[in-house]
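Chemist: Sequence:
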Amino acid sequence: MRACGHSRDLQLRLVKCLSYNSLHYPSDAVVKMRSCFDNHLFYIRGFCSLPRSTFFECPRRFLSWFVLCVRSVIALLLVVLSASVYAQEPAPGADDDYCTDSDPGCVPLGEWMVTLGAGIGLRTNPIINSEDIPLFLVPEVRYYGERFFFDTDTAGLTLMYRQSHMLNAVATIGFDQIYFKTRSIGNYFFETGAFGSSGNNAFADTASENEGTAPQQTVDLDDLHSRETAGLAGLEYAYYNQYWDLRVQLLQDVTGIHEGQEIRAGLAHLFSLAGEHFEAAAGFSWQSEKLIQYYYGINPGELEPRYDYLIYKANDGVSPFFRLDWRRPISNRWSWQATFHYRWLSREISNSPLVDETSVVTFHLGGVYHF
Numbered sequence: 000m001r002a003c004g005h006s007r008d009l010q011l012r013l014v015k016c017l018s019y020n021s022l023h024y025p026s027d028a029v030v031k032m033r034s035c036f037d038n039h040l041f042y043i044r045g046f047c048s049l050p051r052s053t054f055f056e057c058p059r060r061f062l063s064w065f066v067l068c069v070r071s072v073i074a075l076l077l078v079v080l081s082a083s084v085y086a087q088e089p090a091p092g093a094d095d096d097y098c099t100d101s102d103p104g105c106v107p108l109g110e111w112m113v114t115l116g117a118g119i120g121l122r123t124n125p126i127i128n129s130e131d132i133p134l135f136l137v138p139e140v141r142y143y144g145e146r147f148f149f150d151t152d153t154a155g156l157t158l159m160y161r162q163s164h165m166l167n168a169v170a171t172i173g174f175d176q177i178y179f180k181t182r183s184i185g186n187y188f189f190e191t192g193a194f195g196s197s198g199n200n201a202f203a204d205t206a207s208e209n210e211g212t213a214p215q216q217t218v219d220l221d222d223l224h225s226r227e228t229a230g231l232a233g234l235e236y237a238y239y240n241q242y243w244d245l246r247v248q249l250l251q252d253v254t255g256i257h258e259g260q261e262i263r264a265g266l267a268h269l270f271s272l273a274g275e276h277f278e279a280a281a282g283f284s285w286q287s288e289k290l291i292q293y294y295y296g297i298n299p300g301e302l303e304p305r306y307d308y309l310i311y312k313a314n315d316g317v318s319p320f321f322r323l324d325w326r327r328p329i330s331n332r333w334s335w336q337a338t339f340h341y342r343w344l345s346r347e348i349s350n351s352p353l354v355d356e357t358s359v360v361t362f363h364l365g366g367v368y369h370f
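Mapping to numbering that gives the first Met the number 0: the sequence shown position 11 is 10, numbers consecutive.
Careful, some of the hints might be misleading.
Unchecked claim - Computed cross-link-like contacts, EDC-like style, restricted to lysine to aspartate or glutamate with a CA-CA straight-line distance of at most 20 Å:
(1) Lys180 with Asp221
(2) Lys289 with Glu227
(3) Lys289 with Glu258
(4) Lys312 with Asp219
(5) Lys312 with Glu227
(6) Lys312 with Glu288
(7) Lys289 with Glu301
(8) Lys180 with Glu227
(9) Lys180 with Glu130
(10) Lys180 with Asp219
(11) Lys180 with Glu356
(12) Lys180 with Asp131
As the list claims (entries may be wrong) - Using C-beta positions, here's what the derived DEER-type ranges look like:
(13) Gly300 with Gln251: 22 to 28 Å
(14) Ile329 with Val253: 40 to 46 Å
(15) Asp307 with Arg327: 54 to 60 Å
(16) Arg146 with Arg305: 53 to 59 Å
(17) Gln251 with Ile310: 23 to 29 Å
(18) Tyr306 with Phe370: 49 to 55 Å
(19) Leu223 with Ser163: 42 to 48 Å
(20) Glu130 with Gly230: 22 to 28 Å
(21) Arg146 with Asp307: 50 to 56 Å
(22) Arg332 with Glu145: 23 to 29 Å
(23) Phe321 with Gly230: 23 to 29 Å
(24) Gly230 with Pro133: 22 to 28 Å
Simulated from the structure, these hints should not be mistaken for lab results. Glycine included, C-beta positions come from ideal geometry on N, C-alpha and C.
Given only the sequences and the hints, what does the whole structure look like? Please build it.
Modeler: Listed below in structure tokens is the structure:
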């Protein structure tokens, strides 16, 4: 039975070696674990070369080695996984290393970034008898701390963080009121979807009660209720790495403006080409019936009785979008930037008597000063 005792001793030594190195050398875990197996490989090979009869002469020894092999494989897999996690997990303040002078859009951890874009730009207005919205100044204020973050039109608190996955509680604003008000806080921001349609878009919407019966008579917006800015709050799931950024927001009106809901989702890809920095993004926003009805519907009693045929009752709808950003650093303080944003309005919006377009185009080109 001496061989059995030797087997048990070898197992304990190997397990101790694995445990010690995984705790004291997490950054070099794979290398250290390999050394444990290499040091004991001679004994393992010697045991494996024993005749089959030996296993039956010492069944406990066979069982012990079998358990050892299983535990060793599992331990090695866990070590490799933990080493991978350790290598990917940024240490506090490590985000600073990712920010360089050549990437002015990067925000160092724990620092405020304030920029002001000045140039020429335009946002088309889909509302009837309304002028397009000029974009000359585009300010941005951004901050990312250990838990709290603020990104121009969105504030949030990180509830859970694991590697590149985050769950945040967020508060933001709605953007639909910008088409109805000449002076709105949303007129200085880009529609960013979750960062941030024609009637035949690829996303299926339930047809509204008024589909195919849109009248030719136009509506005087002054006769309708005022469309106010709604404050939204909810949860956000985010995944990001060096090149990709995925965000999904589940939002609820918390200001009592329309009491509706909105889901914003977007996927962005960051890349460089010939020294130029680009970001391409695509996604969609789902808006509930109450939200669309508040901004684009016409309720009974808002118009004179003779115009009751203009009453519009909307359902929920989906509006996809595409965005392309370009940046070229000039100096530590200045950079060129261009943004193109295309939003396909959902069928529920474009069928409204208040709307005479099926999409919204936003464009801006200018210089950005980094304070």
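Chemist: Determine for every hint whether it applies to the structure shown.
Modeler: Tested hints:
no. : hint                           : in the structure
1   : Lys180 with Asp221             : holds, 11 Å
2   : Lys289 with Glu227             : holds, 14 Å
3   : Lys289 with Glu258             : holds, 7 Å
4   : Lys312 with Asp219             : holds, 18 Å
5   : Lys312 with Glu227             : holds, 19 Å
6   : Lys312 with Glu288             : holds, 9 Å
7   : Lys289 with Glu301             : holds, 17 Å
8   : Lys180 with Glu227             : holds, 8 Å
9   : Lys180 with Glu130             : holds, 11 Å
10  : Lys180 with Asp219             : holds, 14 Å
11  : Lys180 with Glu356             : holds, 18 Å
12  : Lys180 with Asp131             : holds, 11 Å
13  : Gly300 with Gln251: 22 to 28 Å : holds, 27 Å
14  : Ile329 with Val253: 40 to 46 Å : holds, 41 Å
15  : Asp307 with Arg327: 54 to 60 Å : holds, 55 Å
16  : Arg146 with Arg305: 53 to 59 Å : holds, 57 Å
17  : Gln251 with Ile310: 23 to 29 Å : holds, 27 Å
18  : Tyr306 with Phe370: 49 to 55 Å : holds, 51 Å
19  : Leu223 with Ser163: 42 to 48 Å : holds, 45 Å
20  : Glu130 with Gly230: 22 to 28 Å : holds, 27 Å
21  : Arg146 with Asp307: 50 to 56 Å : holds, 53 Å
22  : Arg332 with Glu145: 23 to 29 Å : holds, 27 Å
23  : Phe321 with Gly230: 23 to 29 Å : holds, 27 Å
24  : Gly230 with Pro133: 22 to 28 Å : holds, 26 Å
This entry satisfies every hint, going by the numbered hints stated previously.
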